[in-house]
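Going line by line, the protein sequences match chains F and R. Number 43 in our numbering belongs to position 43 of the first sequence; there are no gaps in the numbering. Number 101 in our numbering belongs to position 101 of the second sequence; there are no gaps in the numbering.
These are calculated hints, taken from the structure and not from any lab test. All values reported here derive from a predicted model rather than from experimental measurement. Treat the hints loosely; a few may be bogus.
Stated by the list, open to error - Cβ-Cβ distance ranges computed for the label pairs, FRET-style:
1) F:73 x R:204: 45 to 55 Å
2) R:26 x F:58: 30 to 40 Å
3) R:214 x F:42: 16 to 26 Å
4) R:128 x F:39: 33 to 43 Å
5) F:41 x R:222: 51 to 61 Å
6) R:221 x F:64: 19 to 29 Å
7) F:69 x R:69: 26 to 36 Å
8) F:60 x R:100: 24 to 34 Å
9) F:53 x R:105: 49 to 59 Å
10) F:57 x R:105: 54 to 64 Å
Backbone N, C-alpha and C define an ideal beta-carbon position, used for all residues, glycine too.
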Amino acid sequence: MTMTPLVYALQGASTLPSNDGYVAAAYIVFFALVLIYVVIMAVRLGRVERRLQDLQERREDESGEHEKRERELV
Amino acid sequence: MRSPSLRALSISTVLAFCVSLSLVFFYAPIEADQGFLQKIFYLHVPLAIVALCGFVIGGLFAIAHLRTGDQRWDLRSYVAIHMSLIFGVGVLLTGSIWARASWGHWWVWDEPTLVSFLIVFLLYATYSPLRFAIEDPERQGRYASVFAITAGAFVPLNFIAVRLSASYVHPRVLGATSNLPSSMAFTFLVSLAAMALLFATLCSYELAAKRTRILLKVRSRTLGFR
Chain F
1 MTMTPLVYAL
11 QGASTLPSND
21 GYVAAAYIVF
31 FALVLIYVVI
41 MAVRLGRVER
51 RLQDLQERRE
61 DESGEHEKRE
71 RELV
Chain R
1 MRSPSLRALS
11 ISTVLAFCVS
21 LSLVFFYAPI
31 EADQGFLQKI
41 FYLHVPLAIV
51 ALCGFVIGGL
61 FAIAHLRTGD
71 QRWDLRSYVA
81 IHMSLIFGVG
91 VLLTGSIWAR
101 ASWGHWWVWD
111 EPTLVSFLIV
121 FLLYATYSPL
131 RFAIEDPERQ
141 GRYASVFAIT
151 AGAFVPLNFI
161 AVRLSASYVH
171 PRVLGATSNL
181 PSSMAFTFLV
191 SLAAMALLFA
201 TLCSYELAAK
211 RTRILLKVRS
221 RTLGFR
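Given only the sequences and the hints, what does the whole structure look like? Please build it.
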């Protein structure tokens, strides 16, 4: 009887202890690591966006004051 | 931050990971010797290969920085090394989980492959403290590049030395791929491609974030804001 390598592999695997938990743990650890990194990046991006908004507001305030002063002078 | 090329890279990474995970869990056969535990190798080995290549790439960028004096190469070198360190943490964690299941120990000190990777990881862990201990940006970039080149040259030498080592219990994947069934080899290559894409995507995001922050700082100074 001829057997494919896959059948051999499956037969061998059936006698081995189940290590599903370890495999799941390894993949969870990896995706958690990527997720932590993405969260850190998102927090940093939020900070940059806030600074950018602050910069824009301050610039608008200054240009507003400048126009006000010009109007007062006229 | 939201350029079309970055979006395309992100989408291709997600797709590559979906394909890779599908192949790992639904296509690649269960290995006869290790059983289901061998599935960790489709994650652990590509992580290790990409991390080590990232360190070498960081060294190559550093050479470009020293040759041209262009600060962008220094930034690329820094980001490649930074990302490889994060991938290195993944290698150590997934490797330890596999070792615990297979050998019954989280770590084996007399195994050259493990210890040599830890040495490389710890060597690069000193890169950031060294870099940020120097205040002058030009000197900081120059010193960091010298470090990246020296350490980058150490990585392949270390790899070769470990391969030549006589005693090891850590399984060999590279060089033994001819023994792998084609379905396993194909799954491994797809996993490697997905991991390389993830590395490229995260590096691109990190670079874009760093450039934006530098630009913001310059604009703030130009406008006279703190």
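Results for each hint:
1. F:73 x R:204: 45 to 55 Å: holds, 50 Å
2. R:26 x F:58: 30 to 40 Å: Taking Cβ atoms as reference, residue 26 (chain R) and residue 58 (chain F) lie about 56 Å apart, which means the hint is violated.
3. R:214 x F:42: 16 to 26 Å: holds, 19 Å
4. R:128 x F:39: 33 to 43 Å: Check failed, 20 Å falls outside 33 to 43 Å.
5. F:41 x R:222: 51 to 61 Å: For residue 222 (chain R) against residue 41 (chain F), whose Cβ atoms are near 26 Å apart, the range 51 to 61 Å is violated.
6. R:221 x F:64: 19 to 29 Å: holds, 22 Å
7. F:69 x R:69: 26 to 36 Å: Given range 26 to 36 Å: violated, Cβ gap about 45 Å.
8. F:60 x R:100: 24 to 34 Å: This hint is violated: roughly 58 Å between Cβ atoms.
9. F:53 x R:105: 49 to 59 Å: Check passed, 52 Å falls within 49 to 59 Å.
10. F:57 x R:105: 54 to 64 Å: Since residue 57 (chain F) and residue 105 (chain R) have Cβ atoms about 58 Å apart, the given range 54 to 64 Å holds.
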